[in-house]
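From first to last, the protein sequence lines stand for chains B and F. At position 269 of the first sequence the residue is numbered 269 (this note's numbering), and the sequence of numbers has no breaks. At position 294 of the second sequence the residue is numbered 1294 (this note's numbering), and the sequence of numbers has no breaks.
Calculated directly from the structure, the hints in this document are not laboratory data. Ideal placement from N, C-alpha and C gives every residue a C-beta, glycine not left out. Take the hints with a grain of salt, since some may be wrong.
Calculated lysine-lysine pairs in the DSSO-like style (CA-CA distance at most 30 Å, straight line) [to be verified]:
(1) K1258(F) - K1289(F)
(2) K427(B) - K1508(F)
(3) K1229(F) - K1356(F)
(4) K427(B) - K1452(F)
(5) K427(B) - K1544(F)
(6) K1294(F) - K1333(F)
(7) K1490(F) - K1529(F)
(8) K1182(F) - K1333(F)
(9) K427(B) - K1154(F)
(10) K1519(F) - K427(B)
(11) K1154(F) - K1294(F)
(12) K1356(F) - K1319(F)
(13) K1183(F) - K1278(F)
(14) K1472(F) - K1452(F)
(15) K1452(F) - K1508(F)
(16) K1183(F) - K1051(F)
(17) K1472(F) - K427(B)
(18) K1229(F) - K1183(F)
A few chain F positions that, by computed beta-carbon distances, are all more than 10 Å from chain B [said to hold, decoys possible]:
(19) R1369
(20) G1522
(21) I1583
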Amino acid sequence: MRITRFLLVAVLIGSFLSSCSNDDDEQIISNLSISTSDNSFSEGDGTVTLTITASEAFSADVTVSYEVSGSATSGQDFEALSGSLTLVSGETSISENLTLIDDDEVEQSENITVTLTSVTGTTDFMFSTDSVDITISDNDSFAFENGILVLHEGNFFGGNASVSFVSDDLSEVTNTIFNDTNESPLGDTAQSMAFNGDLAFIVVNNSQKVEVVNRYSFESVATISEGFLNPRYIAFANGKGYVTNWGDGTNPDDDYLAVVNLETYSVESTIALPEGPEWILSNENTLYVAQQGGFGQNNIVSVIDATTNTVGDPITVADRPNSIQLIDGSLWVLSGGNPAWTGNETPGQLDKINTTDNSIETSLAFATTEHPNYLSFDNDTLYYLLNGNVYSMNVSDTALPTSEIISGVFFYDMNIDNGRLYGVDAKDFSSAGSLEVYDLSDSSLVQSLEVSVVPGAVYFNGNFEF
Amino acid sequence: MKNHDLVLFLICSCSFAINAQQTSVHQLDEVVVSDTRLAQYAEGHKLTVLKDSTVQRNGISLTSLLGFNSNLYFKENGLGMVSSPSFRGTNASHTAVVWNGININSQLNGQVDFNTINPFNYSNITIRSGGGSVQYGTGAIGGTIHLNNELNFKNHSEHQLFAGYGSFNSQSINYMTSIGSKKWATNFGINYNHSDNDYRYLQTDDINTNGEFEHLNLNFNTGYFFNDKHLVRLYHQTFVADRNLSGNLFAPGRSRYKDQQYRTQLEWMHTGVKMISKFKVAHLQEDFKYFENKDSDIFSNGRATTLLARYAVDFDISKALRLNTLVQFNHLKGRGDSFGNPSRNDFSVTAIAKHKVDKRFRYNLSLRRDFSSDYDNPIVFALGSSFDVSTTYEVKLNASRNFRIPTFNDLYWQPGGNLELLPEYSHQIDLGHALRFGNMAINVNTYFIDTKDMIRWLPNESGIWSPINVDKVQGYGAELELGYVKEIGKKQHIDVKTNYAYTISEDKATKEQLIYVPKHSGNASVAYKYGNLGLFYQHLYNGKVSIIANELEGYDVANAGLWYSLKLPVTIKCRLGVTVNNIFNTYYENVALRPMPNRNIQSNLLLNF
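Whenever a hint applies, use it, and build me the whole structure from the sequences.
This is the structure in structure tokens:
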């Protein structure tokens, strides 16, 4: 046993000594590895150098093969690679250029794995590091992320409805984003817009249609042009869209909700409603419709169960409910009251409705000649416009505010976001209107930005997330 | 319609009778013009009379007639839809339409829809350029359009039948008769027009939907001489229209508008040695029903009625001096879904003095004061003078202050009507040169117009649209009118007319040109007659115009036509004609997003017996 082991060692030493004495006959194992300068790149970084290093040079040219895998797509995210390299005899390293493609597509980060698979031309090798992982991050964003969207009615029969985008820092205004992105006009009299996921639905009243776009790119997704008659507002519940329609403005008996199938983008059914359905919002599968009254007047909020598409008992509020908001499970309804010219002037009113049983919890009345509008909120604070003044109150307040926070404004609509009030002024309805931005901490005017003709509503776009 | 159809049609139309004589539609030996003031007190103003031959070229549309033959620019909401003029850059309610001496602009909106006036109903149509509020009242700021019916006091009995048919199922039938003796004269006319108006929008697959219209007109005018001194005349017209209102490229049309207008005036005239006195009473009524949905029976309506009484005296003080004074009382009342039942009494006093200084120089001075219960009372004045520099050259100058009173809609509309409104006031000056060289006539006019307190509807602090006196507009411009008429031998006749207008009309606050006022516009027409055959070509250019926040491209559009006269056995004179409108098949929008008709053909038959 001992002798056998001794002999084996002796043979090994002998063969080692003999290989040292004769290079031509003895071969050395080379360690091959692949590396990059970094593991994460932006798609705009251009070229990534893949380096294959051998610990020992080979005496003949060898071909190193590799495989490319990962979520990135060859030809789209990077230029196709050959899959093999020749390491010339005597050299210890070789590089391959991985060219990243800088596209305009907004996409998630992707990875590329390059794995060494084989070497031909030699058997004297080992892979010490046989793969490298690279993460490519996207350098693109949608044109209209992080900013304010201003919807313009345009002029009735003017065909000049439009959408403007204002960057969050208020430094840039881009007008007619729908028209420019899609090379087609938005239409006539855009009444309102609402979001569902990444999509924006624009209700174009006098074109009798709803335009569906990606809310961040404004690229058109669909046009729903059948089934509407004087469409006003849209909300979403139970996987469907619900569009309020006046029908003929002069006919109080033909008003309805159009139920929109969000897969086929078509109106699949209608639900009859009382006169003048206007603002609509959803609370899970319950829809609330402020029945402002169209050309006439009404004083109820309709309640619709979106699972059955049936209309429940209406909630009676004051005349002309013009704006509604859902705050912490409570529905707030602001009614304007009838204006003086109707010959039956009635006061405005603010109602808080418990959505579990649709009962009115609190009700605050304005003076008979006061006709408030544009109820908005930020956290627990409500805002509304009355006679060119903006008022605010806490949701827990038991009385209406007596003094305004901003005075002397001509808003055609307003909205609140993150401590700022954004009001649109349509000016003379024939020249460019403006977006007026106020800081609510001190009621100061931050900036006044020129937009397009007849701005009628303000919405907010955040960061796009996958 | 394709080209070969057109050619075929032309050939067929030409192949009627060979041997015929040219007819004259009206041959009036003795004429009493209803509106004598128009001729008597027009010093300093350019008057353009449109001849029958011109009228017949443009069929049933006063819009088309004036658009192709005058310096007026029109905004037409699609063919046959509401059409409003802009005269020297002024707005739609700044052109007064005067029917036999009475201003017939709508009490509701201050305008006249020029697509509701059929030129065939009048003996002559005269355009008086420049302000005329002293004589013609509210709205006579850019100029006035005079629709006159003449009564022919001689033994005669004439009948005329005009029938037209063409593309888009356009039908027109018109019958007129004029009969009379030395003591009395009557004319009566009835016409009916209809069009499906469903033309294809060029460059698209869309057609003009909801554009059907039909009009019915009745006219009855009569006069009787009790003796050499006393003449009584009665004028009446009834207009009934039923139109659908077409939409535009982005907003479908689904509404319908039905309106009726009834106008009647009765005048007694006494002719003395030195004095002519006239007493006139008139009743004007306009009714409309607007259907938001043409298939529904729900509508909103409105009515305005005017009762007018006027007494006018025209004195010949001396050979050189002539004085016209008139007092007029208007009782206006309205009722409608949107403006309740307002009524108002207006009273006005006018005096015009005309002085012929010598054979070459004459001028007139005039003054008018209005008294009204509901708005500030305008005082307006005018000065007009003409001077014959030579037998071929006349210089005309007029200056005036004019007004437009707030309309029923401005004052009483609910919501928004504003009883505090002031009338709009305009000051202007107009210098004209008229040259006549043989067969050629040239008119060059330059003017300046300054208008203040213009009424504009804007949302008030409660968000309700309400009219206020806010705009100030300043304008100036130049007009060139050139006419050439030539007879060659006995058979040939050439008639050439061109108009060009350079118009600046700026909002004083913004210094921007008003919307829908082209800086450059012009037209040209050539008519050629050889014996019984006539040809014409007319061309219209409207330069680009500003529209709200945008610009609308200018366009050229042309029409051409031919007619052939033949004399049938008996005493019937017959004329066959065909007109190709928009002969070059040009896509154009006169009002943004409302494409106008592609090439179309209208054929007509005119019988005189």
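A quick look at each hint next to the structure:
{"no.": "1", "hint": "K1258(F) - K1289(F)", "result": "5 Å, holds"}
{"no.": "2", "hint": "K427(B) - K1508(F)", "result": "17 Å, holds"}
{"no.": "3", "hint": "K1229(F) - K1356(F)", "result": "26 Å, holds"}
{"no.": "4", "hint": "K427(B) - K1452(F)", "result": "21 Å, holds"}
{"no.": "5", "hint": "K427(B) - K1544(F)", "result": "26 Å, holds"}
{"no.": "6", "hint": "K1294(F) - K1333(F)", "result": "28 Å, holds"}
{"no.": "7", "hint": "K1490(F) - K1529(F)", "result": "11 Å, holds"}
{"no.": "8", "hint": "K1182(F) - K1333(F)", "result": "40 Å, violated"}
{"no.": "9", "hint": "K427(B) - K1154(F)", "result": "63 Å, violated"}
{"no.": "10", "hint": "K1519(F) - K427(B)", "result": "27 Å, holds"}
{"no.": "11", "hint": "K1154(F) - K1294(F)", "result": "49 Å, violated"}
{"no.": "12", "hint": "K1356(F) - K1319(F)", "result": "8 Å, holds"}
{"no.": "13", "hint": "K1183(F) - K1278(F)", "result": "18 Å, holds"}
{"no.": "14", "hint": "K1472(F) - K1452(F)", "result": "4 Å, holds"}
{"no.": "15", "hint": "K1452(F) - K1508(F)", "result": "9 Å, holds"}
{"no.": "16", "hint": "K1183(F) - K1051(F)", "result": "27 Å, holds"}
{"no.": "17", "hint": "K1472(F) - K427(B)", "result": "17 Å, holds"}
{"no.": "18", "hint": "K1229(F) - K1183(F)", "result": "12 Å, holds"}
{"no.": "19", "hint": "R1369", "result": "34 Å, holds"}
{"no.": "20", "hint": "G1522", "result": "28 Å, holds"}
{"no.": "21", "hint": "I1583", "result": "28 Å, holds"}
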